[in-house]
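Colleague: As given, the protein sequences belong to chains A and B, one line each in that order. Under UniProt numbering, think of the first position of the first sequence as 1, with each following residue one higher. Under UniProt numbering, think of the first position of the second sequence as 1, with each following residue one higher.
There's no promise every hint is true.
[Stated by the list, open to error] With a Cα cut of at most 27 Å, we get these calculated DSSO-like pairs of lysine-lysine:
1) Lys149/A x Lys51/A
2) Lys78/A x Lys133/A
3) Lys154/A x Lys63/B
4) Lys163/B x Lys108/A
5) Lys154/A x Lys38/B
6) Lys133/A x Lys92/A
7) Lys78/A x Lys112/A
8) Lys51/A x Lys108/A
9) Lys78/A x Lys38/B
10) Lys120/A x Lys108/A
11) Lys92/A x Lys146/A
12) Lys78/A x Lys120/A
13) Lys108/A x Lys146/A
14) Lys133/A x Lys120/A
15) Lys112/A x Lys149/A
16) Lys149/A x Lys74/B
17) Lys74/B x Lys159/B
18) Lys112/A x Lys51/A
19) Lys78/A x Lys51/A
20) Lys63/B x Lys163/B
21) Lys149/A x Lys38/B
22) Lys149/A x Lys63/B
23) Lys120/A x Lys154/A
24) Lys112/A x Lys63/B
25) Lys120/A x Lys63/B
26) Lys63/B x Lys146/A
27) Lys112/A x Lys146/A
28) Lys108/A x Lys149/A
29) Lys133/A x Lys112/A
30) Lys74/B x Lys92/A
Calculated directly from the structure, the hints in this document are not laboratory data.
Here are the chains, one letter per residue:
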Amino acid sequence: MHSFGYRANALLTLAITLLALMCAMASFSDNINSPSPSAHVQVLNINWFQKQPNGNDEVSMTMNISADLQSLFTWNTKQVFVFLAAEYETPKNSLNQISLWDGIIPSKEHAKFWIHTSNKYRFIDQGRNLRGKEFNLTMHWHVMPKTGKMSEDKIVMPGYRLPEEYR
Amino acid sequence: MGWIGDTVDSIKSIQIRQLLTQAVSLGMIVTSALIIWKALMCITGSESPVVVVLSGSMEPGFKRGDILFLHMNKEPIRAGEIVVFNVDGREIPIVHRVIKVHERQDGEVDILTKGDNNYGDDRLLYAQGQLWLQRHHIMGRAVGFLPYVGWVTIIMTEKPIIKYILIGALGLLVITSKD
Numbered sequence: 001m002h003s004f005g006y007r008a009n010a011l012l013t014l015a016i017t018l019l020a021l022m023c024a025m026a027s028f029s030d031n032i033n034s035p036s037p038s039a040h041v042q043v044l045n046i047n048w049f050q051k052q053p054n055g056n057d058e059v060s061m062t063m064n065i066s067a068d069l070q071s072l073f074t075w076n077t078k079q080v081f082v083f084l085a086a087e088y089e090t091p092k093n094s095l096n097q098i099s100l101w102d103g104i105i106p107s108k109e110h111a112k113f114w115i116h117t118s119n120k121y122r123f124i125d126q127g128r129n130l131r132g133k134e135f136n137l138t139m140h141w142h143v144m145p146k147t148g149k150m151s152e153d154k155i156v157m158p159g160y161r162l163p164e165e166y167r
Numbered sequence: 001m002g003w004i005g006d007t008v009d010s011i012k013s014i015q016i017r018q019l020l021t022q023a024v025s026l027g028m029i030v031t032s033a034l035i036i037w038k039a040l041m042c043i044t045g046s047e048s049p050v051v052v053v054l055s056g057s058m059e060p061g062f063k064r065g066d067i068l069f070l071h072m073n074k075e076p077i078r079a080g081e082i083v084v085f086n087v088d089g090r091e092i093p094i095v096h097r098v099i100k101v102h103e104r105q106d107g108e109v110d111i112l113t114k115g116d117n118n119y120g121d122d123r124l125l126y127a128q129g130q131l132w133l134q135r136h137h138i139m140g141r142a143v144g145f146l147p148y149v150g151w152v153t154i155i156m157t158e159k160p161i162i163k164y165i166l167i168g169a170l171g172l173l174v175i176t177s178k179d
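Isolated chain B (complex conformation) (with noise of 0.2 Å):
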């Protein structure tokens, strides 16, 4: 019986204030982080306000591990403008640049696209049979730049043992801090 009276002591002797105090201070990070995420999604008006690059294609101008601001509105799309696009049956999102555009009268708009550091255009990257993005294929424009520090998003995505290693440190030490 006495290891069970210890422990219920052990358990009694948290202090309630204290435990709560830390889940509060915890979950003020988390949505923090969301408010930060929802708040930069409503301003540029793109669903992924940041963007990772993730291959050389844009090289020299942007390469692997660089971030990307993102920003979409209703201003037409024009040659030369770095674009985010989205391909059918392509789950990641590709940052090229537009060299050719098309728009009719209403609006409408074909578009074509090339890395600054590949050989030929990106058709041979599109659907088949695909000739032009569309708008709807495209989900913002690129607007700035911030170098390097895209490598701690693709660390964690090619090694997700560090991305649990971290988080739960991180945890650990919201949890044991005591002021």
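With the rest of the complex left out, here is chain A (with noise of 0.2 Å):
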């Protein structure tokens, strides 16, 4: 009944059971916080804008990005992801997402950021449907927890708008 089998078991059982929970009520602590991050972006110069040989659209652009994320780090945040994407309609599809920036946040104290870029990835659409063309730019994030669930929140900032001509 006592044997070392027994209570090397009894031991193990219950160091996970316990583990388990800790890590439980970490992830839950998460939900008591509740964050007010801010954004704003600057589009501050169209690079270029022409259409690919295969016949879709690009555009290159120059951006300021600033932001304040501070609010979302609690003690069981490993990082934040934060991206940024021009999401717009065109008459074939009914959402268009492209990641515009991204970056990892390490810390709180990385988490108040300014940043002049062009953009990361290429801005091309599905077709030829950019001159003109309206989009929001939607500042996401991505909470990744030290344990439990990953967390994701977004502002969208409306009212962008495409030049009419290539360029």
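Fit chain to chain and form the complex, with the hints in mind.
Modeller: Written as structure tokens, this is what we have:
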């Protein structure tokens, strides 16, 4: 009844149960945090705007991105993945989401940032719909916990428009 | 003749009830593991509800040996989500983040993925000439995360001898346990 094997087994079971419980509590404690992040993006320049040989529109632009995501960080936050996506609708596609810039924020100290950049990924449409196209810029973030449930949210910034002519 | 009689006696002396009990308890362990796995498949809607991260392409978010919990439902796939996908002609599924989505009116969708730690997008990993992933390539999206636990399976697949030793030891433990 009280052999070494039984004691080892009981100890192991207890240790794993406690560890699982602590992980669950850490993950649950993230719900208490109610973040209030802010973001602002300015399109400074359309560097070039053209039709590719295969017929798809492509645009390159320079942006000013500033954001304050400090309130997303809790003690169970490993990192925050943040990205800026252009989102628009075309006759063929009900939704187009194109990531233009992304970054990994490792800690709260780096969560208030300001960056001047051209788009990191190519902004290519499926077709020739970008001339004069209105689009949203959406700041998305994905919170990766040390353990437990991942969470995400976004800020939609509407009212951006591409030029009427290629350049 | 003596030793045959001894053997027969020793076989007779094994209590049939105890043997049956042990067989049943072993069966219970195996079936309950199977039940949990199948129940998870039903709840998450994914054919593999838990995956182990095998590469460093999503570092520092996911490291080799971390465990991801997957979920699959009808909801549309959006940029930023971490999805697990199968590429034609590749056996091992890949866990990467969606960076571009083109969704048509009828719900058909084109998806482009990229590993957070990779320099370029995943078109080099896709089948030759494939530019986009479709819905049917996607096995699930990652919703939860548990660090380090996956090392157990990585070690077991890379050093099968440890797996056999472990299974043997567990089996021996179950058979020899008297109460």
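Colleague: Which earlier hints turn out false for this structure, listed by number in ascending order?
Modeller: 1, 2, 4, 5, 8, 9, 11, 17, 18, 19, 29
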